[in-house]
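Student: Read top to bottom, the protein sequences are chains A and B.
Position in the first sequence (first residue = 1) + 24 = the numbering used here.
Position in the second sequence (first residue = 1) + 421 = the numbering used here.
Take the hints with a grain of salt, since some may be wrong.
Below, computed lysine to any residue pairings styled on SDA-like, alpha-carbon distance capped at 20 Å [as the list claims (entries may be wrong)]:
1) A/K330 with B/E529
2) A/K223 with A/D175
3) A/K71 with B/C444
4) A/K223 with A/E153
No lab work stands behind these hints: they were computed from the structure.
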Amino acid sequence: MTEFSFSSKNKLTLKEFEIVNTSNYDFSGHFADPHKQENELKVEIVKIEDDGMFLEFDMIGYDPSVANAVRRLLLSDVPTMAIEKVHIYQNTSIMQDEVLAHRMGLIPLKADPRLFKWKEEGTEDEGTEDDTLQFSLQVRCKHNPDKSSGDPYLDNKVFTKHLKWIPKGSQKDKLINPGPVEDDILINKLRPGHEMDMKLFAVKGVGRDHAKFSPVATAFYRLHPEIRINRDVFDESAIRLVKCFTPGVMQLEPTEDGRKKAKVLDARNDMCSRNVFRHEDLKDAVTLEKRKDHFIFNVESTGAIKSTELVPMAIDVLLEKCELYINEIDSQSKE
Amino acid sequence: MTSLLPPDSDGNRLSVLAGDKSCGEECRTFIFRKENHTLGNCLRTMLLKNPQVMFAGYTIPHPSEEVMHLRIQTVEGYPAQAALRKAFVDLKTHASQLKTKFISAVDEFEKKS
Chain A
25 MTEFSFSSKN
35 KLTLKEFEIV
45 NTSNYDFSGH
55 FADPHKQENE
65 LKVEIVKIED
75 DGMFLEFDMI
85 GYDPSVANAV
95 RRLLLSDVPT
105 MAIEKVHIYQ
115 NTSIMQDEVL
125 AHRMGLIPLK
135 ADPRLFKWKE
145 EGTEDEGTED
155 DTLQFSLQVR
165 CKHNPDKSSG
175 DPYLDNKVFT
185 KHLKWIPKGS
195 QKDKLINPGP
205 VEDDILINKL
215 RPGHEMDMKL
225 FAVKGVGRDH
235 AKFSPVATAF
245 YRLHPEIRIN
255 RDVFDESAIR
265 LVKCFTPGVM
275 QLEPTEDGRK
285 KAKVLDARND
295 MCSRNVFRHE
305 DLKDAVTLEK
315 RKDHFIFNVE
325 STGAIKSTEL
335 VPMAIDVLLE
345 KCELYINEID
355 SQSKE
Chain B
422 MTSLLPPDSD
432 GNRLSVLAGD
442 KSCGEECRTF
452 IFRKENHTLG
462 NCLRTMLLKN
472 PQVMFAGYTI
482 PHPSEEVMHL
492 RIQTVEGYPA
502 QAALRKAFVD
512 LKTHASQLKT
522 KFISAVDEFE
532 KKS
């Protein structure tokens, strides 16, 4: 017999073979929350690491469509600079021209896309100082004349530190070091006699066009798990129950009569493996749920823009789209 | 400040599907160019919160084409286009509030540490 409780309206339940109550009550005429009170909607920052490049934050009370929109915007609609055109003057290395050019495009650049204009289609590759960043890569591998050192070759590994920025016009006054985010990304390997000589042009683009333009390493969210203990579990069974969950989620606490009882410490870090269903005697001891309106976001930037700035940029894209369509509706209704 | 959206010179991004004359102003299918679930699902949610909207749904006819169709049916006397405009305005307000909350949450976090 299934129990129905109004308090679990906003929780989905993880059962052994199915997940129930996943759908939102979004059909017309359902006014449980016509417009959620503003104070019920919360955003809380949990962690900022790696000089602002890694961010963990919570969105509580929001509709999944908005949370998903933020995630999708972060991945595909926030612009970035990346190398688009590669002029190869010399490439005698083993790597084919097109493979090498593809790799150059994937190198993350520190340049701030907000300082650049969009490059118009059909204009020449060289571009202007407002819309293009130019780099040059010139490496030649030689034998190492110093026989005593361990390396038999000089410059046999081509790293991103070999990329040189060629400032255009007034760029040298406005930009500081728009090169690659990391200096030690391996681009190519050479042997004596191999030479690479290329000019690279970086422009502004969005992830929708090509994944190289995505500003996030990734951005994802998960729902906040909840574990409810239905009946107390002691001693040996408790040890097994605690082991079913991610470490740190459940713990054993001593009771007055010297036994050990299983207790939920913090369900947030649980990875929802549903391991408990492998134990016949522990299946009914817990109920595994997730809060449908509590989103735990993880945003990791590639290095151009801090994650704490990326999220407002993503929302700005959504606001610009709304503005664009409101203007179109208004101008169309005037006709 | 340059626009965050890439330039688009192919004319209007929003148009109306023909053939809804029989039910008047109250039902329309809107065609969005270069839009997908990001905007579609958000708009649908905002539309369904409007008590004067009887039906709201969106679909992407084919994944190879970047086109989204949004169907709105409203009560008598309330044009579907008005419902759409209201949904955009509501979404704009909602998103602005979210942005403000996020920025103040970041400030609070940085003050604490």
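Student: Decide, hint by hint, whether the structure agrees.
Tutor: A quick look at each hint next to the structure:
1. Of the pairs offered as hints, the one joining A/K330 and B/E529 holds, with about 17 Å between alpha carbons and a cut-off of 20 Å not exceeded.
2. Our distance criterion of 20 Å between C-alpha atoms is broken by A/K223 and A/D175, whose separation comes to about 28 Å.
3. The straight-line distance between the Cα atoms of A/K71 and B/C444 is roughly 53 Å, outside the 20 Å bound, and the hint therefore fails.
4. With a CA separation close to 15 Å, the supplied pair A/K223 and A/E153 stays within the 20 Å bound.
Checked against the numbered hints given earlier, this structure breaks hints 2 and 3; the rest are met.
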